[in-house]
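**Student:** From just these sequences and the hints, can you work out the full model?
Letter by letter, the chains look like this.
Number of protein chains: 2
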Amino acid sequence: MDDKRVAVGWDTRTWSRFHHIWLRDHCRCSECFHPTTKQRLVNTFEIPPDLQPLHVESKVDGLQVTWPSTTPHVSFYPWSWLRRNSYDPPIQNTETEKILWGSKIEQSPPTVKFEEVMTEEGPGLFKWLQNIDKFGFCFVSDVPVTPEATEKLAERVGFIRETQYGKFWEFTSDLSKGDTAYTTLALGAHTDNTYFTDPCGLQLFHLLSHTDGTGGATLLVDGFYVASLVKELHPEMYDLLSRVPIPAHAAGEHESLYRPSPPSGYPVLGHDLVTGELTQVRWNNDDRSVMRKLEAGLVEDWYNAIRTWHSCLTSPDSEYWIQLTPGTAVIINNHRVLHGRSAFNGKRRMCGAYIGMDEFQSKLAVLSEKFVHNIDLRVPEEKTHQPTRSVWSPYL
Amino acid sequence: MDDKRVAVGWDTRTWSRFHHIWLRDHCRCSECFHPTTKQRLVNTFEIPPDLQPLHVESKVDGLQVTWPSTTPHVSFYPWSWLRRNSYDPPIQNTETEKILWGSKIEQSPPTVKFEEVMTEEGPGLFKWLQNIDKFGFCFVSDVPVTPEATEKLAERVGFIRETQYGKFWEFTSDLSKGDTAYTTLALGAHTDNTYFTDPCGLQLFHLLSHTDGTGGATLLVDGFYVASLVKELHPEMYDLLSRVPIPAHAAGEHESLYRPSPPSGYPVLGHDLVTGELTQVRWNNDDRSVMRKLEAGLVEDWYNAIRTWHSCLTSPDSEYWIQLTPGTAVIINNHRVLHGRSAFNGKRRMCGAYIGMDEFQSKLAVLSEKFVHNIDLRVPEEKTHQPTRSVWSPYL
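Sequence order for the protein chains is A and B. Each residue of the first sequence is one higher than the last, beginning at 1 in full-length UniProt numbering. Each residue of the second sequence is one higher than the last, beginning at 1 in full-length UniProt numbering.
Calculated directly from the structure, the hints in this document are not laboratory data. Misleading hints may appear alongside valid ones.
A pair counts as met if it fits within one copy or between any two copies, since identical chains are not told apart.
Calculated pairs, EDC-like style, for lysine to aspartate or glutamate (alpha carbon to alpha carbon, straight line, at most 20 Å) [to be verified]: (1) LYS363 to GLU162; (2) LYS370 to GLU255; (3) LYS152 to GLU255; (4) LYS113 to GLU155; (5) LYS370 to GLU116; (6) LYS127 to GLU255; (7) LYS152 to GLU162; (8) LYS363 to GLU255; (9) LYS231 to GLU369; (10) LYS363 to GLU155.
Keep in mind that this is a model prediction, so the values were computed, not measured.
**Tutor:** In structure tokens, the structure reads:
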């Protein structure tokens, strides 16, 4: 301990330091943190900047710190919680492993059965969501060939996200919605909703019938895989794709005119501000608006970068083509996996839904709390007494 | 014209230059840009990087460029469109003026009447949305004191955004939802949904009744005004508030656990990547998660920065307090204006709704197309022939 920080030794060589003000602000006692709502109650702004503990004591389960005040305040921090939240230095936590894939995924694409997913309280739903998390997509087989069953499937993840196109949708190729998706044309690999501030997180779709015609194969491309190729081969292009924001619009209908906020838009590749990890791909060249804010000196480089991106995206090594048939639905992480289709003739009836990324992540977290036993959600003494989520949950 | 660019002179001293590849990519003829869906049809990636025009000709209304190909392709760009989209150099366009305010706004807060807003095809709705755009909030007076009328009012902007709390909501102080909002406690100025990737854009609320008690005044604070104070007085703190992402959670209910994506979160102050303009305030200290990714060297500075932010936010000069009464609803831009309330006793019945920022901006754009005549949406010759949105719209 010095006048600013408490040091905690994990072994003879590894230490973490925690600032006094940080510790006081993160007290999780029921006076400082509401045990039900999990909201902060302590007034952060009244903590004296030069606060010093009265005592610091190592207990079996964690660190106990006594703070000066009219009645001394006692805070307790489990060792596992401190270690997981070490910021000085940051200690690498194992995040979910993402599996990047190219065309060879066709040999064993992630698939679950409808029945598994629909079983109440079963781990089937968790398996489905874990597949989406790892691969960015997952098939669901043996789905009853009806919009009703497909809608129920979507709602296993969370509520369906409403857009200008409605909630659960069904469509045929009639250009009813002012977007080329509603035609019979081929569509290159793209993500949906580049014209939204927060593009829909998951997209589920299910081919209900295709009569009097052929074509319409489904294309899936792992945007994270393609990004890794571009990063390896052309780091300066990767940098431009990560920096230059692209404006976009959905303006095919009279009564709406969608653009992201702010309207300058977002880069093709989005990253976590702290870790630098790639977190989002946004790509639909058809919906791109006027590049009115492109830096003049970058025009040629930027066109070269998107040409290279397009070329990696459309390479046979990246493209996974599959002819879907009624009964097999596919769900896609629209922040990672791009989709498209080949042209078709005849009449196709499709249905599907969007689900928000936040709803997906929420459900995945709730199921992880339930099924992952090493997730260390609860400190030992709480296990039997506390039915609610622990204040030490790694998600808080 | 040189081998890369066409130069356009606006007057003897002002010029814009447009790269050939940019011009070809932005051709708006019906072969290159779908006139109904407003989506790009030209294959950007097949444009030769060294493309040169065959001819460039100044017409009365705009620039005509002929491109080499088996059958030469002719593109036309109206002068007004070129000028508006000049990127080399960028020409400043007049954006909507925001009016920043402090406590003195109480002398004439923006207000519209329910009847105005509800009149079909009338400009009342546009006036309401313009007020929200300029001030970040607007009162609506003479609202029938029912949830039904309030819901209809909300739907004038767009569809109501669904969240884990439902769609249109009504509540009393019963902690039914695992959040302190559902108590009788005072709530400091905050924005809602810091735990979402895209916090709701607008929040409408309406006090339907308050019986057997007093208190519960409404607090509004212009986050953009407070940010301007901090920027002026403490630029280094403004910088930290703009750079350090804050994780957040909504974890008071068993069946959901919301966090933004990526979970590192977002800074208090969000800016347009290109213009540097302040575009979003996110602030709820109660919902802040563990600051596990804070840079060790910034801990003290960051706590100082949020203390200063809090102090400016809670200064009497910033706070606008108003005692709402049944019949007056208020709508807030939740990306700009913070809200709170004083403690109360007795029973309060409130109702309201969230609306997405994208839905608000879409409606505002559609009404601007309709009511703003100098918006230059159409080139002259199109005015009579074309009922649909122009391909030269400034929104595309």
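**Student:** Now tell me if each hint is right for this structure.
**Tutor:** A quick look at each hint next to the structure:
1. LYS363 to GLU162: Classified as both: same-chain Cα gap 18 Å, cross-chain 16 Å, threshold 20 Å.
2. LYS370 to GLU255: between (44 Å within a copy, 11 Å between copies)
3. LYS152 to GLU255: between (30 Å within a copy, 18 Å between copies)
4. LYS113 to GLU155: Within. Shortest intra-copy distance 16 Å satisfies the 20 Å Cα cut-off; inter-copy 39 Å does not.
5. LYS370 to GLU116: within (17 Å within a copy, 51 Å between copies)
6. LYS127 to GLU255: between (41 Å within a copy, 18 Å between copies)
7. LYS152 to GLU162: Classified as both; 16 Å inside a copy, 18 Å across copies.
8. LYS363 to GLU255: Between copies only: 8 Å across, 34 Å inside.
9. LYS231 to GLU369: Cα proximity of LYS231 and GLU369: none, with 35 Å in one copy and 42 Å across.
10. LYS363 to GLU155: within (11 Å within a copy, 29 Å between copies)
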